[in-house]
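A.B. asks: Chains as they are written, first to last, in this note's numbering: chain A, 1088 to 1423; chain B, 1088 to 1423.
Be careful, since some hints might not be right.
As the list claims (entries may be wrong) - Derived list of chain A stretches under chain B, where covered just means 3 residues or more per stretch with a C-beta under 8 Å from a C-beta of chain B:
# : stretch
1 : 1162-1175
2 : 1231-1238
3 : 1366-1373
Note that these hints are calculated values from the structure, not bench results. No residue lacks a Cβ here, since even glycine has one placed at the ideal position from N, Cα and C.
Protein chains: 2
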Amino acid sequence: MSGKTLTLEKAHGLVVQALVKHRTDPANAALVADALVAAEADGQKGHGLSRLPSYCGQAASGKVDGFATPQVQPAAAAALRVDARHGFAYPAMALAVEKLSELTPTSGVAVAAVFNSHHCGLAGYHVEALARRGLVGLLFANTPQAIAPWGGSRGLFGTNPIAFAVPREKHDPMVIDLSLSKVARGKIMFAKQEGQAIPEGWAVDAAGKPTTDPVAALAGTMLPMGDAKGAALVLMVEILAAVLTGSHFGFEATSFFDAEGEPPSVGQLLLAMAPGPVSGGAFASRLETLLAAILDQEGTRLPGDRRLGLREKAQKEGLALTDQQYEQLQRLAADH
Amino acid sequence: MSGKTLTLEKAHGLVVQALVKHRTDPANAALVADALVAAEADGQKGHGLSRLPSYCGQAASGKVDGFATPQVQPAAAAALRVDARHGFAYPAMALAVEKLSELTPTSGVAVAAVFNSHHCGLAGYHVEALARRGLVGLLFANTPQAIAPWGGSRGLFGTNPIAFAVPREKHDPMVIDLSLSKVARGKIMFAKQEGQAIPEGWAVDAAGKPTTDPVAALAGTMLPMGDAKGAALVLMVEILAAVLTGSHFGFEATSFFDAEGEPPSVGQLLLAMAPGPVSGGAFASRLETLLAAILDQEGTRLPGDRRLGLREKAQKEGLALTDQQYEQLQRLAADH
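Hey, can you work out the whole structure from these sequences and the hints?
C.D. replies: As structure tokens, this is what we get:
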């Protein structure tokens, strides 16, 4: 097989270079690169390097302000608002993580409402950052319209991920990360990029009919996981991520992909809890008891296990890119 | 049709009387009755009056301590632990709601970890109480084992409800309330009580095979909503409700139904957020924009609409009980 292998450091450098060449501040570019390379290393290609061309396009057109510095607005003793100022989401999310970890030792729980925001990528990335600081993290994010309300036919909500992470004493944090569509929209994007068909049951076309064509699926609506219950969760996340942050709804937000129009201005709600005080000191050992009980049953594994395996492999062996991906990365980094 | 109609007040009085005759403090009995009658009025029979015989049995045997007074333990500035002290969950939950609504004006967000707890009934009931105080409420509760870990075969987790409520300016709060099994376990209990079969797809028997027999289903495991994603949410709720509260896991908890053994000692995690400050003042009007956009599509309705309709009917016309239900209620209230 042809293709090219890049170390994570080399890939990171090229992503930074590409973004900086497309009107992005180097410090912001480094935070975006951290997230894209981490997603790629975790095998989450839909939120990895595949996003770089559209990120560069949006920074170049000004749809994303690559020079924005996110701003913290205190809202209450344990609540803050983070204005992403139409920049990339990652600097705003990193700021939220930092501020939440400053608040929680006193408050036990704290919440950050991120607004004027953009695609936050792999949702698990941000809660994992909280868990690495010893906190339980919960994230609700909204995204441009993709799912119809239950019983309806027109897309209104995004695929609206929920992410959750817990710290473990002798292991990497355990991360749960799921979009509420039957599959992540990124998977359909990736299939489109690769020219592959998608399985039936993932989405319906604009007329509401089943489709295996990723282009038709992206023009139609995604199906929620878990039918009516899943649709209720989609609404819950839309309220938490958009109403409670004062952000655009999925049906108001512009695309995360093209460089046209106003900024999407979606929202993210990030919650952090201090597990020691909240649990009365029981957290660390009880978590291990529960996870051991799961693994005690044949056929089980813990959420994120596959991802951690891929990450370790990528750290040792680097990222395997196709020739096309590698050339695109080089071209973006060389652009001026 | 035969049967008996009771006003909510009359039903409430009989429930209190029944509990008091079965070793329960009158103030605690009133809080339990509030919740059971409210669930019955909302058409949620699995968490309504059908629970009374087993509640009375457990209070009589001492599995539930009807005289327990829940105790608040501050854990951090915006976090508290509520020891239900092996009493009914409702007094502990009511105390948590009260304390959270005292904290949130200062903190913006607050969390209560309820432990040594019991069946909290209709999960939406507690978050609705927060929403009636102007707060956004989120509840995660664990319940005795009913669902196997994904890929496994033995029940480990409960059906682990998530409930969410938001205040509305000119309407009752909107409440989302869902257990993470494909259907609520209470529905299978109710089918068993009524001697009815259940649809296929709700549960598997002890050997892991599909069943329509509610007795076999209760001896087997429930299927999660949304397959692997739903199973991940079940684990998330188990961690939030049991690990983070320091409570028994589903596989450690005794039944909510029979009067045998130790108390179940499950947990509930209740989160409250002040929507005004967190959203920068946008919450109330943006919520109405979103809900109007949903209702603008034919075939849609808001979560809880059916429930609110039944509630209004019950308030006007009373509760329609079968002869059997009515006689049971009378018998329990007359017991000594």
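A.B. asks: Going through the numbered hints above, which ones does this structure break? Give me the numbers in ascending order.
C.D. replies: Violated: none.
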